[in-house]
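307 is the number that my numbering gives to position 307 of the sequence shown; each next residue is one higher, with no gaps.
One thing to keep in mind: the hints can contain errors.
Unchecked claim - Estimated spans, in silico, between C-beta atoms of each pair: (1) 318 / 161: 19 to 27 Å; (2) 165 / 208: 22 to 30 Å; (3) 159 / 188: 29 to 37 Å; (4) 188 / 164: 23 to 31 Å; (5) 218 / 304: 52 to 60 Å.
In case anyone wonders, no lab produced these hints; they're calculated from the structure. Glycine is no exception: its CB is placed at the ideal position from the N, C-alpha and C atoms.
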Amino acid sequence: MNTHVAAIAFPDLPLAALKRKGIDVHLKATAVIQGGVVIWANASARRLGALPSTPLAALPSVVACHRRAKDFEAQIKAEIGQKLRELTQRVEEDGEGWIIDFSQSEPVVAPALTFDRLWRDLADLSGVFPVGGLGPNRLVAQVARGAALSAGSGWLRVMPGGEARFMAPLSIDLLPQLNGEDRTTLKQAGIATIGDIASTSAARLVALCGPQAMGWRALSRGVDPSRIEMEPIPPSLGHRFFPENGDDMAAVQRRVVEICRAWHAALQAEGLAPSTLHLEIVDRDGLQRSRMIRLPQQPLGPVDLTLLVVRELERLGRGMGVWREVVLEVADAEVPDREATSWHEGQMGSEGRRGGHRQRKGGAVLPLVQGQS
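Work out the full structure: start from the sequences and follow the hints.
In structure tokens form, the structure reads like this:
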């Protein structure tokens, strides 16, 4: 399977209104996508300005950081929701096997989530207007991102085989492996573009900048020696929706039926047999209940899957107020016995819990879908 990288920056973070309140946020995130599904993800942010810097290790924490700014929530969603949906569609249409790399942050393994889910989580952040680049590896994607940032906007894609041609006219300032002193030395020697590095002998580069320059000619041709290591996590399909009328259970059930049919078709197309079902309901008073259910080893047909989801949602929602949000997810990942029970025997999960994620073996975090599905 071909692997590609997208490096994305968020130069317009945050909204000016937040800056006036002394809140500044730098966002970094990383995700790996195979078959249109995010199988590994990480995000971090630090708050600057009048507030102390605080590292935030996962998407739910990043989202929580901004939830204090409730006054801006409607404006945020209106301004960035469509932009992120458009970007998601453009990347998804390019096929499977993408690695989406938003930063050079240290990886934090997270359970599988759909690509759509990742963007919906990011859509809860303030003023996200991404700029980025796609390439065959992390290096080329980072250079493309730098070129897009230099241009002020845009989304640059570098096709396999076109790395050297794309990079040749660009400034050496865009090569992340070069420090400021090396760049100054090279420019004084008349080496100002990445193409100039490619045409300069390795011996001369080493004479100018020392032994660290040995691999620069390979870098200038788009060869990236670094690797992104990850723990492979089986894929999942998840949806969050917001019932227009939480009292209308018939309308909720119709939406559930649509989702289950789409699930079954997608899973069948990929040859996947999910082993867990995760459900979550939040009512208008903020009460949140969740349940994780072990599915039978024999794959369920679309009708049986739908009946199971409807029945378990009814059980989970008993005694709750009007439903405000509903989260559904089927996953291919095995779950430790302490975290799941037989699908016909009972429930696992915290009732009345207020939070935005669930835990998996190893402490990895799964952010929930944000926005309309």
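To see whether the hints hold, each was checked on the structure:
no.	hint	verdict
1	318 / 161: 19 to 27 Å	violated (59 Å)
2	165 / 208: 22 to 30 Å	holds (25 Å)
3	159 / 188: 29 to 37 Å	holds (34 Å)
4	188 / 164: 23 to 31 Å	holds (24 Å)
5	218 / 304: 52 to 60 Å	holds (54 Å)
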